[in-house]
Amino acid sequence: MLGDFLVTAKVGQVADWPPCPEPRRPAQNYKASEVYSPVFGDLEVYECADGKIIGLSVYGDPSIGKRYFVGPAKVNYFAPLDRLVLLKVAGRPAIAQLPAPGDPEGLRLAVIQRVPSNNQPGIMVWIDNTSKSVAEAAALAAEIMGVRP
Amino acid sequence: MKRFLVLMTAVCSGLSLPLFDRPEIVQAQTPRTDTIYFMGATRGKDYNNTGVLSWCVSRSWHESYPNGPADALDEVAQQQAVPTPPPTDDQWPAICNSDPTAIDGSGKVDLTTYGVTGPLDCSSPCISLTVRGRSFEYGDGCDYIEADLYDFVTMDDGHKVGEKKGKQRMIHALAPNSTNVPYDLPSIQVTSTGLYASNEIGTLQNDTNCKPNTNPPGFTPGGYHVHHDFMPPTGSQSCSWNQNTPANFPRHITDRQKQNPSHWVHFVSHKPGVSCFADGPPKLADNLLASDGVLDGDGNGGGTRALATGAQSSLTSPQTCITGTSWCGTISVTPPVVQAAFSNYLGLSPTDYLRAQQKRIPPRGSTTPYYWYGPDNGGFYFYVFWWMTYPDGSGYWDCGMGVPGAERYWAGFSSWTGIYTCQNGFISLGGGGGPVTAIENEWSQFRGLNGINPTAPPTQQDANTWAQTQIDSGHWADVVKPALDAVIRAGTGNMDMATLGITGDPPFDGDLGQVGLAGVMNRMNTVASRVMDLPLFDPTRADMNRDWIGSTRPRWSLTGKALR
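Chains X and C supply the protein sequences, listed in that same order. Under our numbering, think of the first position of the first sequence as 46, with each following residue one higher. Under our numbering, think of the first position of the second sequence as 11, with each following residue one higher.
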């Protein structure tokens, strides 16, 4: 554990998703979802059979997303401890994987917008592989969360 | 005396310095135009034993991000011939599917390219692009391989940065030992007749953890695929790109052939040695130093003064577009540009300042001299080029500095003062070779015209004091502004702007840096196509597979419709 995060350093070890019954179907009102942000723009979204949308991702440069999670706030960051930084973004716990030397686009950032509880999943915002500074990435994460940095 | 004559000959003949035991420098020429076609990323399958790797489109062109270019294809391997009558949608997955565990290799992912350049260039292969890979998993659990493309001619191998020429991306795939750490992939080469190359870069994944907003059937057997897209560089006179026509890649089409020249997915066309943002710096100078520009501020250098005094750590322009390029966004300026301007004021040319700051190291295989000073400032210069890779048993070379497997460079110089080299002792004209540490050591002793030391620029603090003093004494327009203009205008691309502390949001090199930039992306394609006047290329008409057909693979007819 590193602060509020469980750093797994492994592929396939991101935070667990809440249940999503199949089959999926096209979502009509995804912009009303908690995991939608106007930063994402217009998307083609599929929802679970029970009408839930469990996460939205935009594979731009950088790739960004907002998602539900259950259990520990796992992040698959892979770096020496001195490149893992705990911080707060708009008062929420966050972790940054700082870029290695010679890797100007290597910054990753994850923010726990909401901690999971017994009756609702947590919400995590993530930004991967950006050339932005930590401050700039934090500002983007705050924008995705819809709060002031 | 004989050596002296050789040296004199070398000086008189410019770059062609036949000195000692070292590589040949090639004269700079008019930049050629290279076009790299990216073929299917899925390995495909030779299902009918003809030697052709066949693949199918499970989803036609679609976006990877909102309002971005719809340049992503979902690609799968073709497992068997298409029956008669053609399969229904329900039957289609039995014909076309990928299996991450397939032992026939059909679950593999390749970076397959066809590189072609001008008819008078590169009769033997020329390296066009340096490729840096990155593979891991996004925060939503989706696996990826990204292949960043950099201009080979200007690549700085020391800092692993260069002028961006786009990015190929394969989602739902992983490279071996993926750790999110960038790594080198084989460079991309071109020839005048066209050159195919295919390198395995990873394996398709059972990406079941990748769940957000995906299109059914998702990642189930029959649904595994490679999402293959291209993130283009900034469009300009020197860089353009496109994707193949929708007619060639409709949903559920079969028999896309990996080696068929007309079945390319994306292409990027660029001029080696020229940044996609080459036209940008003079226009940035015009913008930033206009009477209402952020460096001017209020007509008397108020913006620059705010930077120099620390009243503002950076200045940000209003939204703007750079004409002649596809770039639109905001420009951010930070104090290093003041440092560069002061250095210019003290006598170091803007180009020398930039080169000395960057100290670019040429990549393996480069034949281009990288000037750190010069090439001719009153007869003084310092350049570095790649020489060779130290072979086995070379540990005693270069005064014991050789490291087998590491790169060996040569520094050629004409210095105001003497430089100690292990090969030639203490000299001011000539050169010395070795690993980067040897080059750095020689560079630290170099002095340019009038003994100037380009390795020791003025400090930021001194520069700030200079700018503030000059502006306060009424010398904004005749001293500070011209110096700023000179250093910005001297830039040749994104790397130079970064050295000056001038960055774009989105970045000038085409890395979007932000999402929701529909206008930018659409303009990029439009401007690039308009500027370059490039029609969608039909390589079959250009007889572009001449090199490839000499290989062990079956030949295509010139119509591209049948195997020979």
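Since the hints were made in silico from the structure, they are not lab data. One or more of the hints may lead you astray.
[Stated by the list, open to error] Anything over 10 Å on all C-beta distances counts as not near chain C; from chain X, calculated:
hint	residue
1	Gly86
2	Asp87
3	Gly100
4	Ala155
5	Asn164
6	Gly191
[What the hints assert, rightly or not] If you anchor each label on the Cβ, the simulated ranges turn out as follows:
hint	chain 1	residue 1	chain 2	residue 2	range
7	X	Asn163	C	Asp100	39 to 47 Å
8	X	Gly191	C	Val92	43 to 51 Å
9	X	Ala145	C	Thr98	44 to 52 Å
10	C	Leu356	X	Gly191	17 to 25 Å
11	C	Pro260	X	Leu47	27 to 35 Å
12	X	Ala54	C	Arg499	31 to 39 Å
13	C	Thr40	X	Leu47	48 to 56 Å
14	X	Pro146	C	Pro196	42 to 50 Å
Heads up, the beta-carbon is just placed ideally off N, CA and C, and yes, glycines get one too.
Hint by hint, here is what the structure shows:
no. : hint                            : in the structure
1   : Gly86                           : violated, 3 Å
2   : Asp87                           : violated, 5 Å
3   : Gly100                          : violated, 3 Å
4   : Ala155                          : violated, 6 Å
5   : Asn164                          : holds, 22 Å
6   : Gly191                          : holds, 14 Å
7   : X/Asn163 x C/Asp100: 39 to 47 Å : holds, 42 Å
8   : X/Gly191 x C/Val92: 43 to 51 Å  : holds, 49 Å
9   : X/Ala145 x C/Thr98: 44 to 52 Å  : holds, 50 Å
10  : C/Leu356 x X/Gly191: 17 to 25 Å : violated, 49 Å
11  : C/Pro260 x X/Leu47: 27 to 35 Å  : violated, 48 Å
12  : X/Ala54 x C/Arg499: 31 to 39 Å  : violated, 46 Å
13  : C/Thr40 x X/Leu47: 48 to 56 Å   : holds, 54 Å
14  : X/Pro146 x C/Pro196: 42 to 50 Å : violated, 23 Å
The structure is inconsistent with the numbered hints 1, 2, 3, 4, 10, 11, 12 and 14, although it conforms to all the rest.
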